[in-house]
Amino acid sequence: MTEEPDDAKAAAKLSFLPAEVRPFVVSPWSRFYLKHDARATTLPAVKCPLFVAWFEGDLLVPPERNFAVVASHFGADPRVVACVMPGVDHFLRPSPPAPAEPGKPWRRETIAPPLLERFVGWTTAALGVVPSAAPPEAPPAAPK
3 MTEEPDDAKA AAKLSFLPAE VRPFVVSPWS RFYLKHDARA TTLPAVKCPL
53 FVAWFEGDLL VPPERNFAVV ASHFGADPRV VACVMPGVDH FLRPSPPAPA
103 EPGKPWRRET IAPPLLERFV GWTTAALGVV PSAAPPEAPP AAPK
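Heads up: the sequence shown begins at 3 in my numbering, then just goes up one per residue.
Simulated from the structure, these hints should not be mistaken for laboratory data. Each hint should be verified, as a subset may be incorrect.
Said to hold, decoys possible - With a cut-off of at most 27 angstroms between alpha-carbon atoms, the simulated DSSO-like pairs for lysine-lysine come out as follows:
#1 Lys11 / Lys49
#2 Lys37 / Lys49
#3 Lys15 / Lys37
Working from the sequences, and respecting the hints, build out all of it.
In structure tokens:
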């Protein structure tokens, strides 16, 4: 599919897919995505601290698929953290979601707290920032 320059011919080779899906599969973005090899282009260009996380509950991008590639490329580079976060889904939320309490509306965190804590810890260490224990003070009220 990626070698066929004509979209219609490439789509015809995908007759096993529903007709409404074929244009998306042969789109320029999909073709680029399928051909792209980060090992040859993107990873060698990284020269800054890097936090790469995969999520155990991710059903769209399973960690087994890419973790080894990144970990082997960067090896023991102290500026790079590559990790698999347990209990987090593709959308960075806790996985599985906590059940709603009877009689209360269902609420789900936007970002899984363990992921947020790990990322904030890595960021502060990578930037050499010492987090303040106290919340910032409110600015003084504007004069009237």
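Structure-based check of each hint:
1. Lys11 / Lys49: violated, 41 angstroms
2. Lys37 / Lys49: holds, 23 angstroms
3. Lys15 / Lys37: OK: Lys15 and Lys37 at ~17 angstroms, within 27 angstroms.
Hint 1 alone, counting from the list given before, is not met by this structure.
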